[in-house]
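Okay, here's what each chain looks like letter by letter:
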Amino acid sequence: MNTRLLIVDDSPILRMSIRKSCIVAGVPAANISEAGNGKQALDVLAAKPIDLILLDLHMPVMDGEQFVQAWSANPNWKNIMVTVVSTEMNQERLTKLRSMGVHSCLPKPFEPEALARLVRSDLQEIRS
Amino acid sequence: MSNLDHSVIQKLVAVALERTVFISTEPAPSQLSSGQPTYSATIKFGGQATGSLMLVATEGFARQLAAGFTCMSPGEVDLPTFGQDAMNELANIVGGQVVTALGGEHKAIRLGLPGRGDPTEFTLRPGDCITCHLDSMGDVLQIVYVGETDASLAA
Numbered sequence: 077m078n079t080r081l082l083i084v085d086d087s088p089i090l091r092m093s094i095r096k097s098c099i100v101a102g103v104p105a106a107n108i109s110e111a112g113n114g115k116q117a118l119d120v121l122a123a124k125p126i127d128l129i130l131l132d133l134h135m136p137v138m139d140g141e142q143f144v145q146a147w148s149a150n151p152n153w154k155n156i157m158v159t160v161v162s163t164e165m166n167q168e169r170l171t172k173l174r175s176m177g178v179h180s181c182l183p184k185p186f187e188p189e190a191l192a193r194l195v196r197s198d199l200q201e202i203r204s
Numbered sequence: 002m003s004n005l006d007h008s009v010i011q012k013l014v015a016v017a018l019e020r021t022v023f024i025s026t027e028p029a030p031s032q033l034s035s036g037q038p039t040y041s042a043t044i045k046f047g048g049q050a051t052g053s054l055m056l057v058a059t060e061g062f063a064r065q066l067a068a069g070f071t072c073m074s075p076g077e078v079d080l081p082t083f084g085q086d087a088m089n090e091l092a093n094i095v096g097g098q099v100v101t102a103l104g105g106e107h108k109a110i111r112l113g114l115p116g117r118g119d120p121t122e123f124t125l126r127p128g129d130c131i132t133c134h135l136d137s138m139g140d141v142l143q144i145v146y147v148g149e150t151d152a153s154l155a156a
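Chains as they are written, first to last, in the working numbering: chain U, 77 to 204; chain A, 2 to 156.
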C-alpha cells in the first residue's frame, strides 16, 4: 500500500496516538508525515505527495479552517482527501468545511479502533 | 445559562477517559492532597456560552493518561516529556464535550487552546466553581468548571 498520509495536530502525543491507529489500519510508518499546524501542513504538501490528511481544527499559528481554505484553493491538491478529527461539533462550521471539500469528520473523543476503521475506509475510497 | 452540574461534568470526563485512553474511573470524594506533585491544564470557551475548565491530576494519573495516549505501559512513560501534553489534550477533549453539552452543535461557541493551568485562578471565587474528582487505581483527577456566571475568568 503506497498511500501517503499526513497527520495535522498541535498535540505531539495525539499525533503519536493517531499514527499508531494509522499503522494498525495498514499505512506503513514511513508513509506517515506529521505537522503541528496548518502552516506546517502546507509546507509538507508543497514538498511531497500526500493522499490523505487527518486534520485537527483547533491549532495555533494556522488553524484547520484556514488550512482548508488554502488547500481547497490550490487545484494541484484537489485529489487529496481531507478528514477532520476534532472536538468541533458546530454543524454550521462542519457544513461549511464539507462544502469546501472536506470528506468526513470524526469527533473527539474517539476510540482508536474507530479511527483505524475510518482510515481503512478512506484508503479504500482513494484506491477505488 | 448552564445545564451542567457536578454529575454531568463527572460523566463527560469519565466517558472521554474510557473512550480515548481506556482509563476506567470512579467518582472520588477525596480532595487532592496539598503538596502532592500535580499536572494541570486549562481551557476556555467563549461566544454564546462562556466558561473555563481546569483539570488537575496527580502524577500517577498523568502517567496513566500519557500511557493511554502513547500505548505504553505507565512505567515506560517519560512523564516530563508527555505529562503536560497529555493533560492539554484531555482538556481539549473535555472542553469540546462541555461546549457540545452547552448546545455547541447549533450555537456559536468557540473553544480556545489548552494550556498549563493556574490553580489560583480558580480558587479566587470557589463558590462559582463546580468541582469534582475521579479516581483510577488510587490516582486522582480533579475537574473544576466555571460557567458563564463568572465571565471574568473567560475573558
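FYI, nobody ran anything at the bench for these hints, they're computed from the structure.
Be a bit skeptical, because a hint or two may be false.
[Said to hold, decoys possible] The list that follows gives simulated cross-link-like pairs (lysine to any residue, SDA-like), each with its CA atoms no further than 25 Å apart:
# : chain 1 : residue 1 : chain 2 : residue 2
1 : U       : 172       : A       : 104
2 : A       : 12        : A       : 25
3 : U       : 172       : A       : 48
Nothing here was measured: the structure is a model prediction, and the numbers come from that model.
When the hints from earlier in the document are held up against this structure, which numbers fail? Of the numbered hints given earlier, the structure breaks none, since each of them holds.
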